[in-house]
Amino acid sequence: MTATIDSNKHSSPTLDAKSEDANEKKAKLEALLVKYKISDSEYELIKKLIEKEPNEIELGMFGAMWSEHCAYKNSKPLLRLFPTTSSKVKILAGPGENAGIIDLGDGIRVAFKIESHNRPTAIEPFQGATTGVGGILRDILTLGARPIAFLNSLHFGPHTDEHSYHLLTHAISGIAHYGNCTGIPTVGGQLIFDESYKANPLVNAMCVGLLETENPIPSAATGVGNSIIYVGSETGRDGLGGAAFASSGLTSKSNKDRPAVQVGDPFLGKLLIEACLEAFKSGLVVASQDMGAAGLTCACCEMSAKSDVGVDLDLDLVPTRGELQAHEYLLSESQERMLFIAEKENEDALIKIFEKWNLKASVVGKVTDSGLVRIFHKGQQVVELPPKALTDYAPEYVRNAAPPKMSVNITVKQDVPLNKEAIEKELLALLASPNLCSRAWIYEQFDQQVGLNTLIKPGQGDAAVVRLRYPNQELSDKGLAMVLDCNPFYIKVNPKLGAEIAVAEAARNIACVGAKPLAITDNLNFGNPEYPESFWYLEESVKGIIEGCNQLEIPVVSGNVSLYNQFAEGEGILPTPVIGMIGVLDSYYKASSIAFSSVGDNIWLIGETKDEKECPVLDWEKEKALHQFLQDKISDGSINSSHDLSEGGLLIALAESVMAGNLGAAVELTKADYLRLNSLLFGESQSRAIVTTSPNIQLTHSKLKIEKIGQVISDKKLKVDLKGFGCIIDTSKETLISANQVKL
Amino acid sequence: MRFGVVRFPGSNCERDCLEVVARLLGLEVHLLDYRETTDLKSTIDCLIIPGGFSYGDYLRAGAVAKAAPIMDSIKKFASQDGLIIGICNGFQILTEAGLLPGVLLNNSSGRFQCQDVKLKIVNNDTPFTNLYQNQEIVTMPIAHAMGNYTVAEKELESLKANKQIIFEYTEDVNGSISQIAGVSNKNKNVIGLMPHPERCCEKELGGVDGLKLFQSILRVGVTL
Numbered sequence: 001m002t003a004t005i006d007s008n009k010h011s012s013p014t015l016d017a018k019s020e021d022a023n024e025k026k027a028k029l030e031a032l033l034v035k036y037k038i039s040d041s042e043y044e045l046i047k048k049l050i051e052k053e054p055n056e057i058e059l060g061m062f063g064a065m066w067s068e069h070c071a072y073k074n075s076k077p078l079l080r081l082f083p084t085t086s087s088k089v090k091i092l093a094g095p096g097e098n099a100g101i102i103d104l105g106d107g108i109r110v111a112f113k114i115e116s117h118n119r120p121t122a123i124e125p126f127q128g129a130t131t132g133v134g135g136i137l138r139d140i141l142t143l144g145a146r147p148i149a150f151l152n153s154l155h156f157g158p159h160t161d162e163h164s165y166h167l168l169t170h171a172i173s174g175i176a177h178y179g180n181c182t183g184i185p186t187v188g189g190q191l192i193f194d195e196s197y198k199a200n201p202l203v204n205a206m207c208v209g210l211l212e213t214e215n216p217i218p219s220a221a222t223g224v225g226n227s228i229i230y231v232g233s234e235t236g237r238d239g240l241g242g243a244a245f246a247s248s249g250l251t252s253k254s255n256k257d258r259p260a261v262q263v264g265d266p267f268l269g270k271l272l273i274e275a276c277l278e279a280f281k282s283g284l285v286v287a288s289q290d291m292g293a294a295g296l297t298c299a300c301c302e303m304s305a306k307s308d309v310g311v312d313l314d315l316d317l318v319p320t321r322g323e324l325q326a327h328e329y330l331l332s333e334s335q336e337r338m339l340f341i342a343e344k345e346n347e348d349a350l351i352k353i354f355e356k357w358n359l360k361a362s363v364v365g366k367v368t369d370s371g372l373v374r375i376f377h378k379g380q381q382v383v384e385l386p387p388k389a390l391t392d393y394a395p396e397y398v399r400n401a402a403p404p405k406m407s408v409n410i411t412v413k414q415d416v417p418l419n420k421e422a423i424e425k426e427l428l429a430l431l432a433s434p435n436l437c438s439r440a441w442i443y444e445q446f447d448q449q450v451g452l453n454t455l456i457k458p459g460q461g462d463a464a465v466v467r468l469r470y471p472n473q474e475l476s477d478k479g480l481a482m483v484l485d486c487n488p489f490y491i492k493v494n495p496k497l498g499a500e501i502a503v504a505e506a507a508r509n510i511a512c513v514g515a516k517p518l519a520i521t522d523n524l525n526f527g528n529p530e531y532p533e534s535f536w537y538l539e540e541s542v543k544g545i546i547e548g549c550n551q552l553e554i555p556v557v558s559g560n561v562s563l564y565n566q567f568a569e570g571e572g573i574l575p576t577p578v579i580g581m582i583g584v585l586d587s588y589y590k591a592s593s594i595a596f597s598s599v600g601d602n603i604w605l606i607g608e609t610k611d612e613k614e615c616p617v618l619d620w621e622k623e624k625a626l627h628q629f630l631q632d633k634i635s636d637g638s639i640n641s642s643h644d645l646s647e648g649g650l651l652i653a654l655a656e657s658v659m660a661g662n663l664g665a666a667v668e669l670t671k672a673d674y675l676r677l678n679s680l681l682f683g684e685s686q687s688r689a690i691v692t693t694s695p696n697i698q699l700t701h702s703k704l705k706i707e708k709i710g711q712v713i714s715d716k717k718l719k720v721d722l723k724g725f726g727c728i729i730d731t732s733k734e735t736l737i738s739a740n741q742v743k744l
Numbered sequence: 745m746r747f748g749v750v751r752f753p754g755s756n757c758e759r760d761c762l763e764v765v766a767r768l769l770g771l772e773v774h775l776l777d778y779r780e781t782t783d784l785k786s787t788i789d790c791l792i793i794p795g796g797f798s799y800g801d802y803l804r805a806g807a808v809a810k811a812a813p814i815m816d817s818i819k820k821f822a823s824q825d826g827l828i829i830g831i832c833n834g835f836q837i838l839t840e841a842g843l844l845p846g847v848l849l850n851n852s853s854g855r856f857q858c859q860d861v862k863l864k865i866v867n868n869d870t871p872f873t874n875l876y877q878n879q880e881i882v883t884m885p886i887a888h889a890m891g892n893y894t895v896a897e898k899e900l901e902s903l904k905a906n907k908q909i910i911f912e913y914t915e916d917v918n919g920s921i922s923q924i925a926g927v928s929n930k931n932k933n934v935i936g937l938m939p940h941p942e943r944c945c946e947k948e949l950g951g952v953d954g955l956k957l958f959q960s961i962l963r964v965g966v967t968l
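Going line by line, the protein sequences match chains X and L.
Take 1 as the starting number for the first sequence in the working numbering and just add one per residue.
Take 745 as the starting number for the second sequence in the working numbering and just add one per residue.
Bound-form chain L, shown alone (with noise of 0.2 Å):
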């Protein structure tokens, strides 16, 4: 299994994610320049899209990113079954690209919040969460201003009925319609969550609630 990290000038999570990846699950990883254009699949089988603020959050988070060289890589990976997980302000670039759906909107507190939440796992059956137990409560921390997500009635009920809906929160914690907290694209390749696992993957830190999301990619790689 071989890691990427794709950073964005503004990308603040980037070595976080290169930490966990490198020292803790012991894996190839590579850091990847936004104006990257090569054929991602050649080198990465899993791409993370690590937390921060690309372009300054200007205009809105993510919304000069999806216009960043890599993204026509990022997408065709995408199409070709490459897995991709966006923490974060990854999360917020990948809706804003088109990959995942709904928004992601200032939190109702109207401020940034910085704190342990509990999540719910949704659905365990995807390559990200195969580890975790269905309805499994699980804790990490968000770090995020504009988290609060959003999508018209009528998706939301696609998403359900997709099972596209992987983490939710536990209580309202920014706003978020159904609590949700973290989805995926229909075919489960991609995924967005707000929460931060990387910061939760070792007990020093506050938790390891976060190793298994990292881990449950890893059993994909053996049976790939």
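Pulled out of the complex, with its shape left as it was, chain X reads as follows (with noise of 0.2 Å):
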């Protein structure tokens, strides 16, 4: 009995084993699909795609490159939609690439981008926002661009919260930090305070650069035989999973993710900057790509899936910082780091110019024609996949949009009652208001001026200008206007027409400025799509894009999406579509910046002021016809200064422009019967702006109401009678410095 129950206790652990066995298998693949972020659908696509079971290198490859941050899987069939071209610019690169390309003539070429860096800013502000920065300037820099230009848009939660105000510094240093060191002006941008962006903060940074080479440099690996030369900081562990990281919502776990935070190094990035344009002007380098979400694993799989070529890559040739293991080599996102491709006799040269920069470049591996990314770790091959399937057949979900079922509540201010101390009063507390108060004390730690191209800083005018050089670095006339923009509390309320907005106000902001609008780069983001209501937001927003393209005729040449913007199960962020714009002056001289500049100008009000409900209504027609109006009369010099009407409308704008010169105003206006006293002095009807003018000159539009509404006077002031009352302001400008220059 004992025997048998030995000898049945004997055979039953081979059965137990076996099922044990497939259990335990069973197990490790849930918690590495768990791990990866894989869906089970996912991963039979994957196990079709691929027509074996991936192992585990293979999955987390897959992982990182299906992530919604590399892959734009609830985003891709809304992307598809936005004008990509137009008839009125030349692209020489659209979506798809590393960054926008617009050819302005006579050898000008601008690269453009925006990308966010908003999971790691939440955890870690400092490096998050860091290399949020030095990500997208090695966009830019891929192409063969010298980097001249940074913006960044910031939403935060209120500066009152400890906690969000920790975060919010800390990104600034961040931003200032990378962007200081590595010689590249930081030229404007905007923050926004609101409590949804407590616990997810936003960092949106853009970047723009000027081509140096004759042709943009390939990303696609051609040639085969040629090698792969890998150039820049050693990989480490720092990042690792960082893309896959990126597009999950935030929890109370989230700490633990720290090392998914890449750590940036910019003296490094300022030798890349050099050593990378010297390498591509030699002519040397066949195709080239930064290393930035899923690093390696990203680079090699869509410089091959470009070209329908294969890659093999030695792991055990790639310089490290300790000894890894092979997936960590394929998922760490340690900054800094560049891949190319060049012919192999031309090996040695290259090498030699990052040696000169003191950078490491070593060759990796090579092209092959095998069409298969083919990976080798300690003389064993532990990657073998068809490219594509991580770059092209990454899955698409179309997800259910639905308006939220309860309509938004805002309640509209009273009045402000018609006496000159409480019109006063409004008036100053707007200007120390946290969404209106000074950005001085943020833009005064970003070096705003190396490179002697800026020519409106930030404060000075509605967008930021600099003037744009020949590849031979000698001056051109033409300048370039840049900006960022997009009011979430708008797309809260009408997602579309919020999106529409966006288009226009940062159009009226290059328009202002003298510019004529070229192309948008934009930052979608939202929360959780899968959530209908978040969804709806982002596809009434894309929508709204759309239309404000399709007015202006300019398309869409670059983005970046993030979703799952949101903490844990609770509400997402406000939805927030950032809009970046750049816009070409024919002559950098004439730009326009918004401070008020010769005593006895006569100060116009151009545009119509209405009654507005929570989001204001936008007439293109009219919008289009102040932006034409703008440049044009800023083009033969008639204007002297001009400042769009935006947020807290005419009394703020007046303001800015006093502060912002050494002159003051004395404006006298009329209220009509049907308009609040409010919408007159606060409002925030769209297509406005406020121009100065020499008094010999008049202003007259068939489609635009113009009126002349007052004097700049020598007397730093600003002083605002109503017709038919008498003075409702008279504030010194220093009076008005002081409220706007509060301490956050």
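Not one of these hints is a red herring.
Heads up, simulated BS3-like pairs for lysine-lysine below, C-alpha to C-alpha not over 30 Å straight-line:
#, chain 1, residue 1, chain 2, residue 2
1, X, LYS516, L, LYS947
2, L, LYS810, X, LYS360
3, X, LYS717, L, LYS864
4, X, LYS37, X, LYS48
5, L, LYS862, X, LYS717
6, X, LYS733, L, LYS947
7, X, LYS378, X, LYS366
8, X, LYS716, L, LYS862
9, X, LYS590, L, LYS862
10, X, LYS356, L, LYS810
11, X, LYS590, L, LYS947
12, X, LYS703, X, LYS622
13, X, LYS356, L, LYS819
None of these hints come from the bench; they were simulated from the model.
Bring the two chains, given one by one in their own frames, into a single complex with the hints.
Okay, here's the thing in structure tokens:
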């Protein structure tokens, strides 16, 4: 009996082992799928695509490449709807490339793109923001362009919240750290505070560059037998799984993901700029790709998928910090790394260029005709995948969209009482309010002038303006205007109209400095797309951007999507489609600032003021007429200063134009009977601007309402009279500034 | 008058300095590599050490650059009465190398500061300031995190006695002792300043008060 039992016992372990083995395997696979955020159906799709069971390393690569961050699987169907061409501008590169490139003629080609670094900033704000700036810089650099300007759009929780303030100040230091050290001026941006960004702040960084090479450097690996050269920082364990981390919501446990945050080294970034540009100009580089999200994996797969070649990569040749496992090599997002393709006989010459700049460069593989990405580690092949499976065949999801059930309640503010004391108090309170107060304490931490190009600095104009150079660095007459814009409060109320307004206002800002809009880069920051309401906001916002582009006949040439911006199961952020726009001035020296500049100038209000609801209405015909008018009148020298009316309306715009210069303004306003007093003074009706001209110049327009409202005076103050009532504002520039420069 | 601009790894204002000398002054200018060990006197008359973050400002601003190969040549050049101007990081390097007195600490604000500042010309009897009036107030931009100039009390007295204080801020900008923005060596052939004169040589860029500094050097060239 005992023996039998023993014998049974003896035989059963094999059976148990088998089922245990299978169970264990299943459990292990499930754990891996959770780890790499791959769904069961995605796993089935992977097996079908690669015709085998992926090993653990390969699965990790899919996890990174199929993340929302890399594959845009929840947003691609929407992104395809963007207009990406225009008869008005010559586009050299559009979406899908490292950045968009616009050809302005005479060899001047502008590359630009925006990118988010939201999640990393939420848990490690300094490095999160630093590497956001470094990452977008390399996207521009890899095309053969010298980065010439940064802008950033910041959305944070209230400054009164200690944690939000900590995140904000450290993110700003991080942005300053990278931009200042690399010698690229940070020339513009925006900062918006709202409760919804408390646990999930947004850091969107835009970089603009000028091509210095004859043609954009391709990113497709070509030439079977060509060498793959790895340049820059060693690969370490930092930023492991960053792409997947960036594609999921934050939770109270997100702090444990801190290793997913990369660490930036702007000194190395600066060396990389100079070394890469020298390498590109040497003509020895066949293709280049920076290593950003999903690191080596993404660079290898994208470079080979784009030209249907194969790539053999030997991890043992990759410079590292400490010993790494194969999957760590492949998923590390260590910063300041680039991958180059070069002909074998040019290897040494190219490596010499990098060594001159004290950078490591090593041959790590070659281009093959296998059509496969094959990766070797310690003499063994550890990965064999068709690259398109990772890049082109990621699943796409069309999510359900549903408008929010509850209407958004925003209480309309009562009119300010009609007396001088109350109106002055209201103006000063608005100037000091978190979303309108001076950002000088932020942009003064950024080097805004290095490069000798910055014509309109932050605080001086509606858009930043830099002068443009030919590839040989000589100055051209052209100037480039740049701006970032989004009012998420409008988007929350009416996402389509709000997004149209974001595009319209960006273009208005560009027009106010005298430039013509050229193209858009957009950063779509939204909540969990699997929530129908959240997806509806995304879909409607995209519709709004498309409408704006069509109206202005400008394309979207690059962009970024950041979804799952929410904390645990809680409510997401305000829907925040940030619009980055560039525009061109034919004569850079004509760029117009907001500052009142000449005593005796007439001050004109262009556009119609109405009573608005939570989100103002937009009349595109009037909007476009305003842009054209501003461009024409700045170009012919009639206009001496211009400022668009946006958040805070007329009085805020007047106050800002006084504060930016060394003069004052005396204004008389007339209130129409039908109009609320608040609408006249602080209303946010669209398609409006204030401009100044010499006294001898008359401004008229058949479609636009234009009224002379006052004069520029030598007395440094803002004085406003209301017709039929008397003085409603008489405030010195000093008082305005001390209210506006409130310490947050 | 022949100029040289030295580039260390991490310098980022060398192109701006080259441009001011070549395009705005129309003069001969050479970009010098930090590994250069040649005799500078034979090729240039004035050396500009530009701003930036040499060696990433790791350890301390200028602390690594002072050990770069070119520094021996620069010291020799200084001893031969060669004119040297260090701007921002260049100033930090010159103090670290002992060619200028004092040290530059973190700004009292604890932050990087980029803003226009008002400067008083304290001594116009130098090769770099002879076109300014004494006590003249000019505007130049600053862009630094470590511009808080400090010297020991005794040394400050000797700086004053030797008229080595060349530029002062008109108000407390970064915590600098006596609001010092720029100093020279005893011999007045080496100066350093935190503000960026090369950034204010064209009215489109916001001002031209820096141009006179470079033109002053030219006047020395004429009399040489």
